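Asks: Sequence:
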Amino acid sequence: MSKKGPIILIEDDEDDQLLIKMAIKNLNVVNPIWVFHNGQEALEYLERSVEQPFLILCDINMPLLNGLELRAVINQHKILREKSIPFVFLTTTASAEAIRMAYDESVQGFYQKENSQAGLQQQLKLIIDYWQSCLHPNSLL
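Just so we're aligned, residue 430 is where the sequence shown starts under the working numbering, counting upward by one.
A portion of the hints provided could be inaccurate.
As the list claims (entries may be wrong) - With a cut-off of at most 27 Å between alpha-carbon atoms, the simulated DSSO-like pairs for lysine-lysine come out as follows:
#: 1; residue 1: K507; residue 2: K433
#: 2; residue 1: K450; residue 2: K432
#: 3; residue 1: K454; residue 2: K507
#: 4; residue 1: K554; residue 2: K512
#: 5; residue 1: K554; residue 2: K542
#: 6; residue 1: K454; residue 2: K432
#: 7; residue 1: K450; residue 2: K542
#: 8; residue 1: K554; residue 2: K450
#: 9; residue 1: K432; residue 2: K512
In short, the hints are calculated from the structure, not lab data. Quantities reported herein were computed from a predicted structural model and do not represent experimental measurements.
Hey, can you work out the whole structure from these sequences and the hints?
Replies: Now the structure itself:
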């Protein structure tokens, strides 16, 4: 994880994309935000990019390759797994089964999206602050 690398936002809902990007910008986070509409687009980027992302924020329910499927592919992909990119679900799907499946894939966080912009901004602040201060296999890059 590079603390200066991009935040990868994987979200198919354009309204949620806008709200999340606005919340991150309001927090004065300097990391660029790369938005992908589904897991397949994000996977293609991760496989070809030499960038070391700071954080992945991922929805679960998306077309082509959903968030849980994407996480499983990353875990099975030696190079992507070794990048140790923090992977956090930010989703409206917070069933017990989805949470269990996410942690079975060694996700580093699972958050149900807050309904208010202030709540979402506070939620993102907690996530970003944690990963900015956390020691991590790639935190020194």
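Asks: Evaluate each hint against the coordinates.
Replies: Cross-check of the supplied hints:
no., hint, in the structure
1, K507 x K433, "23 Å, holds"
2, K450 x K432, "18 Å, holds"
3, K454 x K507, "33 Å, violated"
4, K554 x K512, "23 Å, holds"
5, K554 x K542, "13 Å, holds"
6, K454 x K432, "16 Å, holds"
7, K450 x K542, "13 Å, holds"
8, K554 x K450, "12 Å, holds"
9, K432 x K512, "13 Å, holds"
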